Structure formats: structure tokens, C-alpha cells
Amino acid sequence: MPPPATQDEGRTAPSEKRGRRLAGPLPYVVAAVLAVVLVVVTVVRGGAADVTNEALGDQQLKIMAPADPGGGWDQTSRAMQASLKELAGRTEVYNVGGAGGTIGLSQFAQLDGQSHQLMTTGLIMVGAIAANGSANTLDEVTPLARLTTDSQVIVVPAESDIMTMEDLADRMRDQLSSVSFAGGSAGGAEQILAGLVAKDLELNPGDVNYIAHSGGGEAVATLLSGSAVAGISGISEIKAQIDAGQMRALAVSSAERVGVLPDVPTLRESDIDVELTNWRGVVAPAGITTEQEQALESLVMAMTETDEWQETLAREGWGDVALAGPQFETFLDDEIVRTTQIVDELGLSEEQR
Amino acid sequence: MESFNLLLDGFADAATPINLLWALLGVTIGTAVGVLPGIGPALTVALLLPLTFRLEPTGALILFAGVYYGGMYGGSTSAILLNTPGESASMVAAMEGNKMARSGRAASALATAAIGSFVAGTMATILLTFVAQPFAEIAVGFTPADYVAMMAIAFVTVASLLGASPLKGFASLVIGLTIGLVGIESQSGQARLTFGLPSLLDGIDVVVVVIALFAIGEVFAHALRGGGGGTVTPLKGRAVLTREDWRRSWPAWLRGTAFGFPIGALPAGGAEIPTFLSYATEKNLSKHKDEFGHGAIEGVAGPEAANNAAAAGVLVPLLTIGLPTSATAAVILTAFQSYGLQPGPQLFSESGPLVYALLASLFIGNLMLLVLNLPLARVWARLLQIPAYAIYAAILVFATLGALASGGGFADLLLLYVIGLLGVLMTMADVPVAPAIVGLILGPLFETQLQRALQISEGDPSVLFDSMLSIVLWSVAGLGLVLPPLVSRLKKRTAGV
Numbered sequence: 001m002p003p004p005a006t007q008d009e010g011r012t013a014p015s016e017k018r019g020r021r022l023a024g025p026l027p028y029v030v031a032a033v034l035a036v037v038l039v040v041v042t043v044v045r046g047g048a049a050d051v052t053n054e055a056l057g058d059q060q061l062k063i064m065a066p067a068d069p070g071g072g073w074d075q076t077s078r079a080m081q082a083s084l085k086e087l088a089g090r091t092e093v094y095n096v097g098g099a100g101g102t103i104g105l106s107q108f109a110q111l112d113g114q115s116h117q118l119m120t121t122g123l124i125m126v127g128a129i130a131a132n133g134s135a136n137t138l139d140e141v142t143p144l145a146r147l148t149t150d151s152q153v154i155v156v157p158a159e160s161d162i163m164t165m166e167d168l169a170d171r172m173r174d175q176l177s178s179v180s181f182a183g184g185s186a187g188g189a190e191q192i193l194a195g196l197v198a199k200d201l202e203l204n205p206g207d208v209n210y211i212a213h214s215g216g217g218e219a220v221a222t223l224l225s226g227s228a229v230a231g232i233s234g235i236s237e238i239k240a241q242i243d244a245g246q247m248r249a250l251a252v253s254s255a256e257r258v259g260v261l262p263d264v265p266t267l268r269e270s271d272i273d274v275e276l277t278n279w280r281g282v283v284a285p286a287g288i289t290t291e292q293e294q295a296l297e298s299l300v301m302a303m304t305e306t307d308e309w310q311e312t313l314a315r316e317g318w319g320d321v322a323l324a325g326p327q328f329e330t331f332l333d334d335e336i337v338r339t340t341q342i343v344d345e346l347g348l349s350e351e352q353r
Numbered sequence: 001m002e003s004f005n006l007l008l009d010g011f012a013d014a015a016t017p018i019n020l021l022w023a024l025l026g027v028t029i030g031t032a033v034g035v036l037p038g039i040g041p042a043l044t045v046a047l048l049l050p051l052t053f054r055l056e057p058t059g060a061l062i063l064f065a066g067v068y069y070g071g072m073y074g075g076s077t078s079a080i081l082l083n084t085p086g087e088s089a090s091m092v093a094a095m096e097g098n099k100m101a102r103s104g105r106a107a108s109a110l111a112t113a114a115i116g117s118f119v120a121g122t123m124a125t126i127l128l129t130f131v132a133q134p135f136a137e138i139a140v141g142f143t144p145a146d147y148v149a150m151m152a153i154a155f156v157t158v159a160s161l162l163g164a165s166p167l168k169g170f171a172s173l174v175i176g177l178t179i180g181l182v183g184i185e186s187q188s189g190q191a192r193l194t195f196g197l198p199s200l201l202d203g204i205d206v207v208v209v210v211i212a213l214f215a216i217g218e219v220f221a222h223a224l225r226g227g228g229g230g231t232v233t234p235l236k237g238r239a240v241l242t243r244e245d246w247r248r249s250w251p252a253w254l255r256g257t258a259f260g261f262p263i264g265a266l267p268a269g270g271a272e273i274p275t276f277l278s279y280a281t282e283k284n285l286s287k288h289k290d291e292f293g294h295g296a297i298e299g300v301a302g303p304e305a306a307n308n309a310a311a312a313g314v315l316v317p318l319l320t321i322g323l324p325t326s327a328t329a330a331v332i333l334t335a336f337q338s339y340g341l342q343p344g345p346q347l348f349s350e351s352g353p354l355v356y357a358l359l360a361s362l363f364i365g366n367l368m369l370l371v372l373n374l375p376l377a378r379v380w381a382r383l384l385q386i387p388a389y390a391i392y393a394a395i396l397v398f399a400t401l402g403a404l405a406s407g408g409g410f411a412d413l414l415l416l417y418v419i420g421l422l423g424v425l426m427t428m429a430d431v432p433v434a435p436a437i438v439g440l441i442l443g444p445l446f447e448t449q450l451q452r453a454l455q456i457s458e459g460d461p462s463v464l465f466d467s468m469l470s471i472v473l474w475s476v477a478g479l480g481l482v483l484p485p486l487v488s489r490l491k492k493r494t495a496g497v
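Read top to bottom, the protein sequences are chains A and B. Following full-length UniProt numbering, the numbering of the first sequence begins with 1 at its first residue and continues without gaps. Following full-length UniProt numbering, the numbering of the second sequence begins with 1 at its first residue and continues without gaps.
These aren't lab readings, by the way, just hints derived from the structure by calculation. All values derive from a computational prediction rather than experimental measurement. Virtual Cβ for every residue (Gly too), placed ideally from N, Cα, C. Accuracy of the hints is not assured; some may be wrong.
[What the hints assert, rightly or not] One-sided excerpt, in silico: chain B residues whose CB lies under 8 angstroms from chain A:
(1) P267
(2) S338
(3) K492
[Claimed, not checked] Listed below are several chain B residues computed to face chain A (Cβ distance under 8 angstroms; list not exhaustive):
(4) Q342
(5) Q346
(6) E350
(7) R452
Can you build the whole structure from these sequences, using the hints too?
Shown next, in the form of C-alpha cells:
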């Protein structure tokens with residue numbers, strides 16, 4: 001399929017304007033500079049398109065990624081954009097990053113009743129709401145569907161004398177504070193997993209020595225420098241190091257073994273009764289009608305069956321866990337209860353400060 | 001020798017007409033988004049990514065590399081002409097470069113930045129091609145404690161950025177450190193100085209503060225002083241770079257590269273610290289110390305080279321270990337993965353031809369950027385002949401657009417003008433704004449690494465001096481503190497005799 005003509009225009013326009021700028025005298029220079037600015041802004045912000053769709057109230061669909069470009073929510077949103085093209089026409093994706101998605105949530109909560117607005121969400125937002133004492137919660141949105149899941153993996157550096165998850169559990173029982181865990185941001189999925197593991201070992205989750213990093217890459221750097229005893233990461237972020245033999249994978253956090261790491265046992269197989277996946281899903285604003293909610297849910301579920309979406313899942317290594325309607329709402333409620341409790345026990349929640 | 005042949009093959013791949021076109025498109029878009037503050041290469045690549053899924057990987061990666069390098073070139077243009085750094089690493093270039101522009105030497109400042117970027121970019125790409133692997137192995141050995149020691153060096157060098165009055169400089173530094181505290185603290189997840197405002201939870205974007213203090217502060221301070229007529233500066237001289245300029249620029253380019261590449265290659269190094277170190281070094285070594293703060297060409301040449309070399313350095317951990325250490329690198333990593341390529345120890349052996357085509361395109365992109373930017377230097381410089389009121393109006397529009405584009409929406413706009421007001425007060429009180437930015441950048445880095453180091457050691461401070469490397473780094477920091485006053489005292493004594 002050739003890319004649509006509008007995108008080609010957007011991409012070549014800046015170079016044409018630059019060509020003109022070289023030739024012209026001063027007024028043209030200024031005009032051309034402004035033109036480039038406008039073109040760039042238009043390209044970046046995405047132009048309007050006349051999409052007509054009953055369920056969306058005849059408006060172009062907009063998806064908020066509550067994170068900066070490059071992260072999981074951004075990738076999910078952009079994958080949705082691509083997969084929805086044939087079902088709902090052009091879709092705009094915009095980023096409102098920061099604070100585990102709660103900054104995006106606080107803006108999204110203002111969009112009451114606007115059925116053409118969607119936001120990606122997931123476990124990390126659930127954790128951040130509990131940890132930040134966010135004024136806005138997921139009660140202020142309409143849950144639509146769960147889409148993907150990412151398993152996590154617990155690793156140690158290759159030269160570590162910890163060979164199995166059982167060894168690591170013994171070390172944790174021995175002296176919890178001496179087992180430093182490197183992982184993502186405070187209150188994120190990795191710290192929640194560390195807390196759940198400690199809890200299952202009947203240790204105090206608040207005593208876990210967790211070293212937070214602002215991204216998976218930074219955490220891997222700390223692990224490679226040999227400073228931390230163990231690390232927790234999304235599989236895709238550390239798979240290269242595992243394959244190269246620099247890291248030893250001890251256990252994955254999902255219910256079943258993961259296709260890309262077939263030899264790594266689950267936590268349950270290692271006698272730790274914990275299962276946690278970094279799931280992502282999509283929500284609409286509160287105050288939309290039941291018909292709109294159902295129409296959006298069918299749109300999203302239809303999207304998960306497109307070839308485009310399935311290709312994305314395969315490429316990113318995400319699990320297909322599409323779930324909509326009351327089942328998703330039950331799942332979400334359970335996740336909120338469990339996550340809020342562990343965040344409390346980790347000593348991260350607002351009330352405990 | 002083997003990598004040399006592979007690189008030649010890479011050139012053959014990258015020099016096909018279609019790939020050259022991708023490179024040209026990339027550097028052009030990159031320069032355009034670099035000029036506009038707030039829209040960085042990271043956002044641009046993220047936006048282009050879905051459009052390129054159907055492209056073959058070589059072409060797409062060449063396009064992205066072009067955007068990445070182009071952004072570094074473009075950032076210095078708005079910094080020098082309009083005192084509006086497009087990203088924080090261009091701040092140092094703005095300090096001296098804009099002073100040069102104001103004294104009629106905009107073309108020289110732009111030229112030394114462009115050639116410096118070319119020299120640094122090319123040398124750093126050579127290093128990337130031939131010594132990436134051993135470099136990466138050393139770089140990942142840096143522990144949080146070693147970073148603490150490196151930050152100490154950076155803090156010591158800040159002294160040279162403080163300006164004429166140490167008291168005012170420190171006041172500015174404290175302002176920056178305070179702004180740096182705003183937001184969720186990384187280790188405990190606790191919010192600081194957010195006053196219950198959700199939009200402050202993630203801290204204040206460095207780009208917004210840079211634009212506010214440099215551009216907004218200056219525009220309003222100028223308006224308050226009155227006098228909007230006339231042009232900012234007359235153009236002086238015919239040659240873009242005089243022989244004297246060349247003589248003073250080239251050592252600075254080389255030294256800037258020497259700071260930029262290794263620090264850029266460190267997983268938590270970044271592009272800002274080498275620009276600070278380069279500026280401090282140039283100031284200490286220069287025979288024209290009095291010109292610093294009034295437009296010294298070394299002060300543009302060195303930091304700009306450092307900035308570009310660091311950009312190439314960032315690719316070392318990305319390509320050899322698969323570690324993204326900047327926002328743009330993270331997005332480029334996504335691009336690699338979307339083509340089923342996993343950057344990491346096996347990338348060079350498994351996808352060799354593609355990697356070498358990418359490296360070759362970095363050389364080509366650099367050359368294109370030089371050809372694109374050097375003739376533009378004089379054209380850009382003539383822009384300053386527009387009446388001053390129009391320039392200042394343009395700066396305001398530019399700064400406002402930049403803050404909006406950086407993603408925070410209305411909240412960032414409000415912050416821009418609140419901090420801009422602070423900038424006005426600082427400018428009117430003759431308090432330099434650069435130390436505030438330095439504090440804003442270094443403060444959170446230093447704090448995070450110190451916390452990590454102490455948390456790993458369970459609170460034992462001896463971890464800070466545990467490794468050979470950290471002892472060496474601390475010693476350098478100590479010398480940096482003691483040596484300059486000692487040398488100047490010795491010089492005075494010998495001069496007195």
C-alpha cells in the first residue's frame with residue numbers, strides 16, 4: 001500500500017521552502033523562515049482531515065499518549081493510529097508526558113462527554129495514581145478495552161553467583177536491604193513487582209532496596225556497571241543483554257513462559273506466587289452515552305483484529321490480551337485494589353509521607 | 001582494516017541516489033526542527049516513524065540519522081542569532097555567540113559553529129566506526145559513584161560561567177538548583193515544590209526555562225529600557241572567518257570533540273556537561289580572556305564542537321550495547337526494533353552492512369550539513385539588519401511557539417512567562433542567567449546519582465571513593481578548584497618581579 005499523498009506533501013514541503021530561502025532577498029528570507037516554521041508546526045501537530053464517523057460525532061479521532069515520544073504508551077497510541085486508518089480514517093496522536101501518566105490524566109478528565117477523544121493507559125498509570133496521590137483517578141474516565149501485555153523479567157549480571165530465582169529469594173530472606181534492585185521509575189511496574197515478590201516471601205515490601213531510573217536504558221546501564229545486585233525490566237528493553245550473555249534471566253512475571261525467552265521459568269514455577277504484567281489499554285472520557293461507549297468498544301476490538309495490529313504485536317513482542325466491556329472493568333477494579341495496596345506497603349503513597 | 005573495508009562497502013550502499021535523497025531530506029528536516037526551539041529530533045523521529053514502516057530499513061535509518069545530526073546544527077543557529085537556544089546543549093553557544101552577533105560578527109559565529117560541528121561530527125563518527133566497542137566496554141563500567149565524581153568536576157568548572165560577580169553568579173546558580181527541585185523526586189516518588197499543581201509534577205522542562213531566561217527575559221528587559229529603533233548590529237568585515245578566527249577556532253574544535261565524544265558515550269553523560277567543560281577550558285586557555293562574556297570565538301567553537309561530538313557519542317552505547325541514553329536515541333532504538341533489528345553486542349556481526357551504511361551516511365550527512373549551513377551563515381546574519389523591534393517581536397513569537405511545541409500546552413506557556421519575568425528581573429539586576437541553567441541541569445543529575453550510589457551502598461559514603469576511577473575524577477575536581485587561583489597568583493608574582 002502506498003503512503004497517502006498528504007504525508008508525502010508534509011515531508012517534502014520543508015526542503016522546497018528552504019530552496020526558496022537561499023535565492024530570495026531579505027523579505028523573502030523572513031517569509032520563508034515563517035513558512036518553514038508553519039510547515040514544521042503543521043507537520044508536527046498533524047493537519048485536520050474530514051473524517052466522518054457516526055460514533056465519533058463526526059469528529060476526527062484523537063488519541064492522547066500520556067507519555068513522551070518513544071515509550072510504551074506512545075508506541076501503543078501510534079500503533080492504534082496506524083491500525084485504525086481503515087476503520088476510522090485519520091487519527092491524531094498527541095503526547096502529554098509526565099508523572100506516570102497522571103499529568104495526561106488530569107487533562108483528559110476535563111474532556112467530559114467528548115466521544116472522539118481516547119487515551120492509552122495501563123498498569124503504570126494505576127500505580128502512579130496511587131503513588132502521587134493524584135487528584136484525578138480512573139473513576140473519571142470510561143474504560144473501553146485492555147489491549148496488550150508486556151511481561152517483565154528479573155535478571156542478575158552474568159558474573160553474579162545468583163543462579164536461580166530460588167537463590168535470589170534466599171538472598172532476599174537473608175538480608176533484604178542488601179539486595180539492590182535496579183529498575184524503572186518509582187511506583188512503576190518494576191517496583192510493584194519487587195514489592196509483590198518481597199510480600200510473597202513474607203518480607204516487608206517497604207524494606208526493598210529499589211533504585212529507580214527514569215528509563216529502561218538507564219537501569220540496564222546501572223546493572224551493566226555491576227552496581228546493583230539484580231534488576232527488573234520489560235523483556236524488550238533487556239533482551240539484547242540476555243542474548244549476549246551479559247545478563248542472566250532468572251524468572252518472568254507472566255502466568256506462562258514467554259515465547260522469546262522459552263527457557264526462563266515463571267515466578268510461579270520458582271515457588272513465588274506472583275503474577276504481574278505491564279498491561280496497556282484504552283479509555284474514553286466520562287460522560288459519553290452507552291451507545292457511544294459500545295460503538296467505541298466495537299471499533300477498538302475490530303482494530304485488534306486487523307492485520308496491521310497483529311503485525312505490531314508480533315514486532316513489539318506484546319501479548320494479545322484484548323478484553324472489553326464488563327470483564328475489562330472488573331479486571332481494572334482488581335488491578336486498582338491490588339496496586340494501591342502494594343504501593344501503600346512500599347511506602348510510596350501520599351498518606352504515608 | 002576489516003572495518004575500513006566494511007565502511008567502504010557502507011559508502012557504496014549509502015551513496016545510492018535514493019539513500020542520498022533520504023539523507024538530504026533528513027538533514028533538512030533536522031535543521032528546520034533544530035532552529036525552532038521546543039521541537040527536538042526525538043519528537044520529529046517519533047512522528048516520522050509510522051510513515052517509514054514501509055521503507056526499507058537502510059533508507060529509514062539514514063533519514064533518522066540525518067534528522068538527528070541536522071537538529072544539532074540547527075540548534076546553534078537560533079541560539080546565536082536570537083539568543084534562543086533550541087535545546088539546552090546550545091546554551092553555552094548562545095552566551096558567546098549571541099554577543100558576537102550583536103557586535104556584527106554573526107556570520108563568523110555561525111561559520112565557526114557550522115565548521116566546528118562538521119569537524120567534531122566527522123571525527124566523532126570516525127571514532128564511532130573504529131573504537132565504538134572498546135569505548136562502550138569502559139563506558140558501561142561507570143557506576144553511580146563515578147558519576148557523582150564526574151558531576152563534581154562539572155560543578156567546579158561552573159565557576160568560570162559565574163560571570164564578573166561571584167555573589168550574583170551564586171545567586172543565579174541557587175535559582176537554577178531550586179527550579180531543578182520542582183517535580184516528583186526520582187527515588188521516593190515524592191512531589192516537591194509542586195504547590196498541588198499537576199502540571200508541575202514532572203518538573204519544569206529545561207527547554208522552557210532556557211527560552212524564558214534567555215529570550216523572554218532579554219526581550220522585556222530591552223523593552224523596559226526603551227529604544228526599539230535602529231538595528232541590532234551593523235555587519236562588520238567581509239570574510240566569514242578571518243585567518244585569526246581560524247587560528248583561534250581549530251584548537252577549540254579539537255578540544256571540544258575530546259570532551260564531547262567520551263562523555264556523550266557514557267550512559268548518563270549527556271551533551272550539556274561537555275559543553276560546560278569545553279567552555280571552561282577555552283576560557284582558561286585563551287589569550288583573550290577579556291573577550292569572554294563579550295563574544296569570544298573560542299567560546300562558540302569549543303562548545304558547539306562538544307555538542308556535536310556528544311551527539312555521535314550517544315550512538316556508541318546505542319549501537320554496541322543497545323542502550324538508549326537520550327530521548328532521540330530511544331526513538332531510534334524503536335526504529336531499529338521495528339525492523340526486527342536489535343542493537344546490541346551482536347548488531348555489528350549480524351547486521352553489519354546496514355550498520356556501516358548508517359555510519360557512512362553520518363559522514364555524508366555531516367558534509368551535506370556543512371554545505372547547507374556555511375552559505376546560509378551570511379544569509380542568516382543579514383537577518384539581524386531588520387530593525388530591532390521586529391527582531392525582538394520575532395524572538396517572542398519564536399519563544400512562545402517553542403514552549404507550546406515542547407508539549408506542555410497552556411501550562412508551559414504560563415511557566416514561560418512567569419520564569420521570563422524572573423529573567424527580566426535578573427537581567428535588570430545584572431545577574432547572569434547561565435549559572436541558573438547550569439544549576440537546573442546539573443543539580444538533579446548530581447542528586448539522582450548521589451542517591452543511587454548511597455542506596456546501593458546502604459548509606460555508606462565510602463562508596464564514593466571506592467573505585468580507582470572515582471579517586472582520579474575527584475582529584476581532577478580538586479585540582480580544578482585549587483589550580484586556577486594558584487596559577488594566577490604565581491603569574492602575578494612573576495609579573496611583579
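May I ask you to test the interface hint for S338/B with respect to chain A, counting a Cβ-Cβ separation under 8 angstroms as satisfied?
For S338/B, the interface hint holds, since the closest Cβ of chain A sits about 6 angstroms away, which is under 8 angstroms.
Restraint satisfaction for P267/B [CB to CB of chain A, less than 8 angstroms]:
3 angstroms, holds
Restraint check, 8 angstroms cut-off on beta carbons, for K492/B near chain A:
44 angstroms, violated
Given Q342/B was flagged as interface, is its beta-carbon under 8 angstroms from a beta-carbon of chain A?
5 angstroms, holds
Given hint R452/B near chain A, where the shortest CB pair must fall under 8 angstroms
Since chain A brings a Cβ to about 5 angstroms from R452/B, closer than 8 angstroms, the hint holds.
Does the closest beta carbon of chain A sit nearer than 8 angstroms to the beta carbon of E350/B?
Violated. Min distance 10 angstroms.
If you take the shortest Cβ to Cβ gap from Q346/B to chain A, is it below 8 angstroms?
6 angstroms, holds
Checked against the numbered hints listed earlier, the structure breaks hints 3 and 6; every other hint is satisfied.
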